[in-house]
Amino acid sequence: MSKFAKRSKKAGLPPGTLVHIGKKRSEKTRIRLINYDESSFLEKETEATEEYCAAKAATGITWVNIDGIHQIDLLQRIGDCFGLHPLVLEDIMNTDQRPKMEDFGDYVYIVLKMLTLNDRGEITAEQVSLILGKNFVLSFREQNSAIFDPVVERIKSGKGFVRKAGADYLAYALLDAVVDHYFVVLEKREEEIDDLEEDVIANATPSTLQRIHKLRRELIFLRKAIFPFRNVISALERGESAFFDQSSRIYLRDIYDHTIHIIDTLETFRDLATGLLDIYLSSVSNRMNAVMRVLTVIATIFMPLTFLAGVYGMNFKHMPELEWTWGYPAILLLMAAVGISMQVYFRKKKWL
Amino acid sequence: MSKFAKRSKKAGLPPGTLVHIGKKRSEKTRIRLINYDESSFLEKETEATEEYCAAKAATGITWVNIDGIHQIDLLQRIGDCFGLHPLVLEDIMNTDQRPKMEDFGDYVYIVLKMLTLNDRGEITAEQVSLILGKNFVLSFREQNSAIFDPVVERIKSGKGFVRKAGADYLAYALLDAVVDHYFVVLEKREEEIDDLEEDVIANATPSTLQRIHKLRRELIFLRKAIFPFRNVISALERGESAFFDQSSRIYLRDIYDHTIHIIDTLETFRDLATGLLDIYLSSVSNRMNAVMRVLTVIATIFMPLTFLAGVYGMNFKHMPELEWTWGYPAILLLMAAVGISMQVYFRKKKWL
Amino acid sequence: MSKFAKRSKKAGLPPGTLVHIGKKRSEKTRIRLINYDESSFLEKETEATEEYCAAKAATGITWVNIDGIHQIDLLQRIGDCFGLHPLVLEDIMNTDQRPKMEDFGDYVYIVLKMLTLNDRGEITAEQVSLILGKNFVLSFREQNSAIFDPVVERIKSGKGFVRKAGADYLAYALLDAVVDHYFVVLEKREEEIDDLEEDVIANATPSTLQRIHKLRRELIFLRKAIFPFRNVISALERGESAFFDQSSRIYLRDIYDHTIHIIDTLETFRDLATGLLDIYLSSVSNRMNAVMRVLTVIATIFMPLTFLAGVYGMNFKHMPELEWTWGYPAILLLMAAVGISMQVYFRKKKWL
Amino acid sequence: MSKFAKRSKKAGLPPGTLVHIGKKRSEKTRIRLINYDESSFLEKETEATEEYCAAKAATGITWVNIDGIHQIDLLQRIGDCFGLHPLVLEDIMNTDQRPKMEDFGDYVYIVLKMLTLNDRGEITAEQVSLILGKNFVLSFREQNSAIFDPVVERIKSGKGFVRKAGADYLAYALLDAVVDHYFVVLEKREEEIDDLEEDVIANATPSTLQRIHKLRRELIFLRKAIFPFRNVISALERGESAFFDQSSRIYLRDIYDHTIHIIDTLETFRDLATGLLDIYLSSVSNRMNAVMRVLTVIATIFMPLTFLAGVYGMNFKHMPELEWTWGYPAILLLMAAVGISMQVYFRKKKWL
Amino acid sequence: MSKFAKRSKKAGLPPGTLVHIGKKRSEKTRIRLINYDESSFLEKETEATEEYCAAKAATGITWVNIDGIHQIDLLQRIGDCFGLHPLVLEDIMNTDQRPKMEDFGDYVYIVLKMLTLNDRGEITAEQVSLILGKNFVLSFREQNSAIFDPVVERIKSGKGFVRKAGADYLAYALLDAVVDHYFVVLEKREEEIDDLEEDVIANATPSTLQRIHKLRRELIFLRKAIFPFRNVISALERGESAFFDQSSRIYLRDIYDHTIHIIDTLETFRDLATGLLDIYLSSVSNRMNAVMRVLTVIATIFMPLTFLAGVYGMNFKHMPELEWTWGYPAILLLMAAVGISMQVYFRKKKWL
Ligand SMILES: [Mg+2]
Ligand SMILES: [Mg+2]
Ligand SMILES: [Mg+2]
Ligand SMILES: [Mg+2]
Ligand SMILES: [Mg+2]
Ligand SMILES: [Mg+2]
Ligand SMILES: [Mg+2]
Ligand SMILES: [Mg+2]
Ligand SMILES: [Mg+2]
Ligand SMILES: [Mg+2]
Ligand SMILES: [Mg+2]
Ligand SMILES: [Mg+2]
Ligand SMILES: [Mg+2]
Ligand SMILES: [Mg+2]
Ligand SMILES: [Mg+2]
Ligand SMILES: [Mg+2]
Ligand SMILES: [Mg+2]
Ligand SMILES: [Mg+2]
Ligand SMILES: [Mg+2]
Ligand SMILES: [Mg+2]
Ligand SMILES: [Mg+2]
Ligand SMILES: [Mg+2]
Ligand SMILES: [Mg+2]
Ligand SMILES: [Mg+2]
Ligand SMILES: [Mg+2]
Ligand SMILES: [Mg+2]
Ligand SMILES: [Mg+2]
Ligand SMILES: [Mg+2]
Ligand SMILES: [Mg+2]
Ligand SMILES: [Mg+2]
Ligand SMILES: [Mg+2]
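Protein sequence lines correspond, in order, to chains L, P, R, F and U.
Quick note on numbering: the first sequence equals residues 1 to 352 in my numbering.
Quick note on numbering: the second sequence equals residues 1001 to 1352 in my numbering.
Quick note on numbering: the third sequence equals residues 2001 to 2352 in my numbering.
Quick note on numbering: the fourth sequence equals residues 3001 to 3352 in my numbering.
Quick note on numbering: the fifth sequence equals residues 4001 to 4352 in my numbering.
To be clear, the hints were calculated from the coordinates, so they are not data collected in a lab.
Computed from a predicted structure; not experimentally measured.
Backbone N, C-alpha and C fix where the C-beta goes; we use that ideal spot for every residue, glycine too.
Just so you know, not all the hints are guaranteed correct.
[Said to hold, decoys possible] Computed beta-carbon distance windows for the label pairs:
#1 Arg1230(P) - Ala2235(R): 45 to 55 Å
#2 Lys2159(R) - Lys3134(F): 46 to 56 Å
#3 Asp1103(P) - Ala146(L): 29 to 39 Å
#4 Ser3234(F) - Glu2267(R): 18 to 28 Å
#5 Lys3214(F) - Asn1118(P): 22 to 32 Å
#6 Glu2267(R) - Glu27(L): 50 to 60 Å
#7 Arg30(L) - Lys4156(U): 40 to 50 Å
#8 Thr1049(P) - Glu197(L): 37 to 47 Å
#9 Glu27(L) - Glu4191(U): 27 to 37 Å
[To be verified] Heads up, simulated DSS-like pairs for lysine-lysine below, C-alpha to C-alpha not over 30 Å straight-line:
#10 Lys3224(F) - Lys214(L)
#11 Lys1349(P) - Lys2349(R)
#12 Lys1009(P) - Lys164(L)
#13 Lys3350(F) - Lys4009(U)
#14 Lys3024(F) - Lys2188(R)
#15 Lys3224(F) - Lys3024(F)
#16 Lys3156(F) - Lys4009(U)
#17 Lys1010(P) - Lys100(L)
#18 Lys1023(P) - Lys1006(P)
Please model the complete structure; the sequences and the hints are all you need to start from.
Right under this line is the structure:
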């Protein structure tokens, strides 16, 4: 998972100062403008400020999707024409936000984390900011990604309810697209847990421990990224922002359901990971004990035998056994008897 | 317990899209239609949409029980004629729901988990959805099961209160049948805990650890399946849905009681399982220590003896003891003395 | 502590079906009828239904104490004449209840656990059900016990406030008698904890561990038996049931105090038990370490000595030392020097 | 810390029965009567009931401080003349109270714990009961102590605000004196923690463990003694009792601050103690490991050497090395080489 | 982190007694007086009481920053001319405060902790007290520091919103400056955690444990220093003090965000530190096990070999092998075979 962003560089700056905090990116910001109502649909990629500013006043619903939040001047221009508060712009550029929602009267500002898996199966968290106004939605992402594509497709094709509904339904659809992806990510981690569960019993190595540790670390970060969103969506569903009307709230309740479900699952994963660690530790110590036991048993069998050999290696003048014709075979038999009976004893005690 | 269902395949789909999420099943869906009032009783297995749709308008209480939720078109037809919201149909088909209740004005939707034990004594969780309307109840299960049979029997025989009461009482009776089965499942696990408690002290093996781990895992899942139902039933009991009238709520309180009791018991089981793990670990380490101790003591006794033998195995020209007539027996006696006194010492120190 | 009762046999039965759930008992149910007011007192043991039914209409306060809840027909008759709801009768017969209070308008139903110590010092939990009506109190216990005797005595002798007060004060006095006994039980466990604390340091054996485990198990069950009663008594004290009038509530506050105090103490015990386990484990491992250390030191001293003996046991033709007159005493001195200096070294390092 | 008091002897007694529960004491109860207003001050030690009873009706503020709560008749007389509820008297005599506050209309009853350090540095908890009426304060302590002396001094000398203020300010001053002493006690424990922290790293012995255990035990009891006072003082500050007027509540807020601070500190201490235990355990096991490692290394070096000696101690007829002139020195050199190279290997592996 | 301050010396003193509690300092107190409005700006360092007292009545916003709180008479004079309550002055001088806010009608008093890193990278906590009145702000710090400099700079240069806004905005800017520095401190600790994470796996030494312990200790103190500020800022943001008007509260919400974020991060750090400890312990025990295993294996290989040597060192008259010409090489070969096959066996079992 991504590291903490460096916020310290903002220390001492006045509030509302735009500073990009997050992964450095050099791609050009892409702005996609979509305008639609029940009968019309318009899509356009543009950089001209006037165009998307005009969109605010257009009929129908306007959706401006901005991929890239590292260009200060661009964000400033967008903020100016949509009348965004400097603190909102500041937060959009700062990718180290907790999920939250803030109603500014003219619009509501929602920020949450989008989770995706990269090529190496690692979880990447990117920040998504939504501005929902009367008839427009602004969405800000750190970079281009396929996650909103199905929503665009549904609008374009007129499938589903979206063309008939308001801007709040569009905002809902975007939130839903993000939350739906949480399931994708969690399912991958569940496979990892299943895999670990087998490994931890069959062949627990130090690398298994590292994988458990990595898993726990990820769960800590996932929890931090998702947990606060629960309150955001619950506040929206309870109607704390007037921008979502009654009929949309039934859909928000659906997202709320999903979010609670995901948090439940994260808790479960955490409990499972703790359990895995317990098993790992007992497993390693069981294996170590087995080794030590067998080795010690072997050593203990040879102790008395070596002692016997030592006795008959003594140089006393008068040691009658040494003179016996069958002394040597006798002592070999005795040694065998001792060795075997100790083995039998250890086996009976289940130490071997 | 069953694995997590694969929800990821729904990512990006519009809300209300019907996708079956859960264990794949090929049995045909069975629909049982029951209509009754104080004086009449009618039961019928049917597949004709008109029949159960007509039931909605019939006099008396109508109960339609659907066993099988994997046929999209069938569910769509039922949804249409009973006026169910697309999100409700979506949730009925998705077996990965948290227990919840949602009031849609025309009906209330309740979803919970049904727990049964399979042939190998494993706990199986299946999803039960209830739709309670003015004069009808729809119940959806993943497959046929005996759990509702006693309710059918009571209606048929006219025993108890059910024929005189409304649809809400029927819904209560179904919920009660499901919750009653939680006790059956928990009692089986309690026997397992008692059994483990003996094993963990008498003969703790790695397989004991695995059983403890499996138990803890199950408790985590049971908690997830049952805990949220507490809020569902408490909301119904407090009268958050008008579909349960005052006289039924006293019965809901009874279920609430049961649910709290079960959650208490789950907590207790979890604490017991944690205690079992502690005992297991000390037990294993105690046994290991005992082995190591006895073995080390044996080794330590032979150390000085072997040394003595070594001394009289040296080849010095002038070693007066070697010449003595009684040197050999004397040294044997000395060895016995050393060996015995060390044993006595170890026994006194309680190391042996 | 007693095991979980077998509730599973009730699965599928209609609500209000009377089934005795609890320890099997064969004693005959004893019914004691007491009627009193400021000037009169009447006590009688009876089985005639009419008698105690009549009591309901009598002047003064009527207290019917029923010892034994396993006779279905008897309980049914009592329920009929005092107008008890079937769910209440069901709960009275089911000893596996969480403490709770339910107001049914005509009476309030209170259920809690009575704790006593049996001959072997084990804690026994029995269920006590109270029905408080306008001018009567019904008390149901699993069997006869001395716990209510002081209350009977106080009524008989006219000592204290009870003869002047209403049925609510009588109910309070019975609850108080039960809660007072919690202190008796906890004090016994406190002595056990003190005892364990000494043992765990002075001589920690596996049986100490078992005692700690038993203690923790008991605390888990005690918590389950007592914790919910806190809410019961707090609801009564806040006046949620009109059956307790203002002047009685000051006494309920006293019980509330006691209950909180007991729960605090249980928490403390739990923390102490956890601490005991920690000490036990370190104690055992300390002792094991001491053993291993001394033994290993002994072994290590004899290693070099045996090696030396081995060197001079070699059969080389040309080993000048062997020819020396003082070779043998010299090597013995060397061995003594090595052995002693290693001992000194170990002692200095505090390993011995 | 003091043990639990024996409450069990009260089981079965009617409410309001006076029984002294606490440490047995034989000192005579001392009663100090103080009466003051802005211009006058009167102090007197007395045993005559009439005198302090008259005080209730006197002008100015009356403070009766009772040191000793074990004389039933005396407490009964005080209770009678100040009109105290029997339950209050009962609680005053029972030193096993949780901190609480109860408003009885004519007066408010406050009980809390006073903490002092005895000669051996152990924490002693004594119970302090305050009765605050319109113009009087009664304070009950288990025995005489210096804690209230500064307050007496301030009244006598007219320093500070106390002579101009009401009885509520006096009650505040007494509470403040008690809470101020909590800091004294905690600072001593903090020094102990600092001391332990050094010991645990430098020389962790079993006695260190015992000190950690004693500390944790004390923290458990301190928490139990102080935690509930937080709610007491917060209720008073919020104005739940009319006996404290608006201007005094600002001072109560100051005590509230102190209390929260102390609870924070207790929590911190608990976390530190847990940390100490972790360090202790790793420290002990680190030291043990070091011992075992060095010893095992020594043993392992002598194993091959002894084997070599054994080889050349064999009695085969044809062993050419034995005949060599330089055989003996050669083998000694070989042994030195083997011993030294193993040492080097172990040092490189950091095992030695 | 700094130690607890010695509060015990205040025990018994009347409330409002000024005592400096905190690190002893000898620097002279520096007082900086700033007065500004939209068009004017005045800055002055002064010690004359009249000057800053006059400031209270001046037009525009007055900010008096006092660096040094150890001079009782000076604080008393400031308190007198700004009408501060004795309890407030007492708290300002006592650096052992929990963050809190108290509204005294004429002004609101806010206290929080300022965190900085000293030269050795250790976290230092100093107390900052703010008094916000109608048109003035007093800020008290323990000593001079650069943290408020950017705010002074912004006022001087007229940059940002501050010159146009009221005293509440100035107070906000100071709080923001302090909270911004929390991020600086946390980022340093995050680097330490990353560093520890590598060490704990690659080379875990006792000093690693000490660093983990120090980290956990710091996190405990940081939590104590920051956690209560959450409620302070939330109360201000909700408008509990009238001194912050509506438009400023949007900025307080920004600080609230930061604070929650920091607390989240502290929680995360705590979880990570716990994880580090787990890894450390397994890592150490893994390494120890590896050592013990290799050593024991070596010892075990030589046991049977030494025994064999011992057998042929026996002095029996009739030992045919000793006479064989190839006896010696044969036995050497046998020894090699045994040694090698045991090695192979151990390697196959993965013990070597
Ligand atoms: Mg800033
Ligand atoms: Mg972050
Ligand atoms: Mg969705
Ligand atoms: Mg969080
Ligand atoms: Mg849904
Ligand atoms: Mg959960
Ligand atoms: Mg958890
Ligand atoms: Mg699931
Ligand atoms: Mg979707
Ligand atoms: Mg769930
Ligand atoms: Mg039931
Ligand atoms: Mg019931
Ligand atoms: Mg638990
Ligand atoms: Mg039970
Ligand atoms: Mg039933
Ligand atoms: Mg219970
Ligand atoms: Mg009592
Ligand atoms: Mg009391
Ligand atoms: Mg606890
Ligand atoms: Mg106590
Ligand atoms: Mg009593
Ligand atoms: Mg104070
Ligand atoms: Mg407490
Ligand atoms: Mg203060
Ligand atoms: Mg804590
Ligand atoms: Mg402090
Ligand atoms: Mg004071
Ligand atoms: Mg604090
Ligand atoms: Mg800031
Ligand atoms: Mg912000
Ligand atoms: Mg945590």
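- Outcome of range test on Cβ distance (Thr1049(P), Glu197(L); 37 to 47 Å): holds, 46 Å
- Please test the hint of 29 to 39 Å on the beta carbon pair from Asp1103(P) and Ala146(L). holds, 37 Å
- Message: Lys3224(F) and Lys214(L) were given as a pair; does the straight-line alpha-carbon distance stay at or below 30 Å?
- Response: violated, 39 Å
- Message: Within 18 to 28 Å: is that where the Cβ-Cβ distance between Ser3234(F) and Glu2267(R) falls?
- Response: This hint holds: roughly 21 Å between Cβ atoms.
- Outcome of range test on Cβ distance (Lys2159(R), Lys3134(F); 46 to 56 Å): The hinted range 46 to 56 Å is violated for Lys2159(R) and Lys3134(F), with Cβ atoms some 34 Å apart.
- With a cut-off of 30 Å on the C-alpha distance, tell me whether Lys3350(F) and Lys4009(U) pass. Violated - the C-alpha atoms of Lys4009(U) and Lys3350(F) are around 52 Å apart, more than 30 Å.
- With 22 to 32 Å as the target window, see if Lys3214(F) and Asn1118(P) comply at their CB atoms. Violated - the Cβ-Cβ distance for Lys3214(F) and Asn1118(P), about 52 Å, lies outside 22 to 32 Å.
- Would you mind confirming whether the straight-line C-alpha gap from Lys1349(P) to Lys2349(R) stays at or under 30 Å? Satisfied, since the Cα-Cα distance of roughly 22 Å is no more than 30 Å.
- For Glu27(L) and Glu4191(U), compare the CB-CB distance with the range 27 to 37 Å and indicate the outcome. holds, 28 Å
- Falls inside 45 to 55 Å, the C-beta gap from Arg1230(P) to Ala2235(R)? Taking Cβ atoms as reference, Arg1230(P) and Ala2235(R) lie about 18 Å apart, which means the hint is violated.
- Given the proposed pairing of Lys1009(P) with Lys164(L), does the C-alpha separation stay at or below 30 Å? holds, 26 Å
- Does the structure keep Lys1023(P) and Lys1006(P) at a Cα separation of 30 Å or less? holds, 10 Å
In summary, the numbered hints that this structure violates are 1, 2, 5, 10 and 13.
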